[in-house]
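Chain order of the listed sequences is X and P. Take the first sequence: its position 23, counting from 1, is numbered 24 in this note's numbering, and each next residue is one higher. Take the second sequence: its position 218, counting from 1, is numbered 220 in this note's numbering, and each next residue is one higher.
Where hints are given, some of them may not hold.
[Stated by the list, open to error] Among chain X residues calculated to face chain P with C-beta under 7 Å, some are: (1) 124; (2) 125; (3) 128; (4) 129; (5) 131; (6) 132; (7) 133; (8) 136; (9) 143; (10) 147; (11) 148.
Read the hints as simulated data drawn from the structure, not as lab findings. Remember, it's a predicted structure, so these values are computed and weren't measured experimentally. Note that the Cβ used here is the ideal one computed from N, Cα and C, for glycine as well.
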Amino acid sequence: MKAIYALLICLAASTRAFAQTEIPAEPVPSKVDCRLCHISGSPTKEKPSLLQCQRVMNKLARSTQQAPQTITLGTGKGTYGQVKFSHKAHAEMGEMGGGCYQCHHYDHGGEIQKCGNCHSATRARSDLASPDLKGALHQLCVGCHKEWGHTAECSTCHGKKNIPNPDLPKKIAFRTAYNRGSIVTFTHADHVKSFGLKCARCHQDQTCSSCHDSGMNGAPPRAAVKDSDPMKASHMACFSCHAKDNCASCHSGKPMDTFNHEKSAGWRLNRFHNALACQRCHTGGKFAKLNTDCQSCHKDWQGKFEHKKTGLALDETHSGLGCDSCHGDKEFLAPPACSACHDKSYPKDKPGHIVGKG
Amino acid sequence: MNSSSGDKEKGLTRRAFIKNTVGIAAGLTSLPALAQAKPENILSPDRMGVLVDTTVCIGCRNCEWGCKTSHGLPTPPLETYEDASVFEKMRRPDDKALTVVNSYPNPKDPKAPYTVKVQCMHCDHPACVSACIVGALSKEESGSVIWDTGKCIGCRYCIVACPFQIPAFEYYQALQPEIRKCDFCSGRRKDGKLPACVESCPAEALTYGPREELVRIARNRVKRYPQRYVNYVYGEYEVGGTSWLYLAGRDFADLQFPKLGKNPAPGVSESIQHGIFAYFVPPVALYGLLGLLMWVSKNNSDEGGPK
Ligand code: SF4
Ligand code: SF4
Ligand code: SF4
């Protein structure tokens, strides 16, 4: 009997011991192979057994939708001020050349790592394998900026100096081989600004200077009519939206005008509406006629609207009036004529005081 | 910086120096005795260096500004350094700028020229130190090759000896000219600070660290980005190795780096009659001796009064 007990105890002990040396259960599958960074198969928090960073380019697809708009870089303690980095704009431009990993080269699939998590905040340090934060940021930015700006002027980023926007073409006329209308006019500015077409849909693997250098720094002017790419490529780019259109809606004998809302829809856009993407009003991908009554879109403006934002702070008498008392016919662009209400004896003063547009 | 170490030391040096001078006067040919009086060349295994990655350098010249500011040399404000027209002609470090940045075309990307910072390389076996007959130049254990105003007699041997044409002479100073060159921020480093140029470099094109580690890092970069670099670490072996090391995207000869052998410059680690000295020392030494005597007699006359 004793022998059997002993045997059982031994057996139990050995299975326990065995269980302990068992390889732990597979971790939750990550989008990235752990071994890219960890040398040993079972890293712990205390001993992550990390490889020396090889600047692995993990090409995870990330959307720029949630990308932060601007990020403030630097401490501002040095000679130069902080940099308001237009992160989202750069992220969208980055889509044309490879995506987020161009900068976020260490992306293990979870939350985006902050640059400062790996790159040291101080230059005097022991781990010299990767540059400190200041160096890393400058190396990233200056490469492109120097290439298309032809200068490493610090004030381009550190300061109020506006970075020149690319001089985008309003429209591009393409010459094609189609004999019933050889010219296709691509209304570039409309597509980008109003129709919400992302640059990256057409432009891939191009350098910054292919847009930022055109029309600047003495580059030759653009050709009035360009020869089109081979048919397949150019049609594919357009078909994703224009699948149902017929040939004649794009092909014509001569360059076409850019989109004119007043001409096509019968409703003139004011400068505020003009700056909006079409989808801001025409929601759900439908471009049907909308109700032109302001309140159909501007539902809860009342109580929030401040007239002084237009540059004129209304005086007490006028601030009590309804908008249409002065702005008849929903005309808000031109200042109303005083004589519409007041006869010749009206006071010379304005209906308030000018504060200037902020 | 170093001058704060006190006049007492300076006085001692002078006295020791007078002895040396007597030695010289005793016989011009007994120069080896002087060579032995020079400090020993101690190379600490963890001596520091700087890796200059010319493919990372953006040509902002903040390093020039940092260097001048930290060494009390006059400089226009930092903003003026953005003017890229200085790159139109090649410059050399001199007594007014201990380091300068030059620009060279980049055949891989004409829009992004290579810019190369030049300064003393802080040789492990410095020819300038060997050439100096009064021991005014010395290699510190930390890597710096420094120069002592109190000892220098302005003989210009170091200028001739340096394979990188670094030491410069204050030509406009007729009486007590000074040799000026990058001191690898010896004083700042002793205070635990980074060299001023390394600190000012926005792109960390200059990496300061133990020389051995820098060599490893440099090799690693070349291995990882073979398209970006030529497979060579300049300074690793040149004239016996230098504290400052360079990486480049095109042939070093195209960036005006001299082609040098692996052996220390002639005259180094040998007694000084050998090598170059055998050829040009005697006339220059004579010239130097005359200068010395003038200098000694001048100093003797003001040694009595408080300084
Ligand atoms: S580069 Fe010239 S000045 Fe500098 S340590 Fe070497 S020999 Fe001396
Ligand atoms: S190490 Fe110091 S002295 Fe030498 S170039 Fe840099 S800042 Fe100037
Ligand atoms: S500060 Fe750095 S990046 Fe600027 S010129 Fe000097 S080495 Fe090049």
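Q. With a cut-off of 7 Å, does the beta carbon of residue 129(X) approach a beta carbon of chain P closely enough for the hint to hold?
A. Holds, because the Cβ-Cβ distance from residue 129(X) to chain P comes to roughly 5 Å (cut-off 7 Å).
Q | Hint status (Cβ of residue 131(X) to nearest Cβ of chain P, threshold 7 Å) | A | With a minimum Cβ separation of about 9 Å from chain P (threshold 7 Å), the hint on residue 131(X) is violated.
Q.
Does the closest beta carbon of chain P sit nearer than 7 Å to the beta carbon of residue 147(X)?
A. Nearest chain P Cβ about 6 Å off; hint holds.
Q | Cut-off 7 Å, beta-carbon criterion: hint that residue 132(X) touches chain P | A | Given a least distance of 4 Å, the restraint on residue 132(X) holds.
(Q) Less than 7 Å between beta-carbons is the criterion; does residue 125(X) satisfy it with respect to chain P? (A) holds (5 Å)
Q. Can residue 124(X) be said to touch chain P, with a Cβ gap under 7 Å?
A. Constraint on residue 124(X) satisfied, holds at 6 Å.
Q) Does the CB of residue 143(X) sit less than 7 Å away from some CB of chain P? A) Holds - the Cβ of residue 143(X) comes within 7 Å of chain P, reaching about 5 Å at its closest.
Q: Against chain P, run the beta carbon of residue 148(X) and see if the smallest gap drops under 7 Å.
A: holds (5 Å)
Q: With a cut-off of 7 Å on the beta carbons, see whether residue 136(X) makes it to chain P.
A: Since the shortest Cβ distance to chain P is 2 Å, the answer is holds.
Q: Double-check residue 133(X) for me: the hint is only fine if its C-beta lies closer than 7 Å to a C-beta in chain P.
A: Check passed: Cβ of residue 133(X) comes within 6 Å of chain P, closer than 7 Å.
Q. Going by Cβ atoms only, is residue 128(X) closer than 7 Å to chain P?
A. Violated - the Cβ of residue 128(X) stays beyond 7 Å from chain P, reaching only about 10 Å at its closest.
Of the hints listed earlier, those the structure fails to meet are numbers 3 and 5, in rising order.
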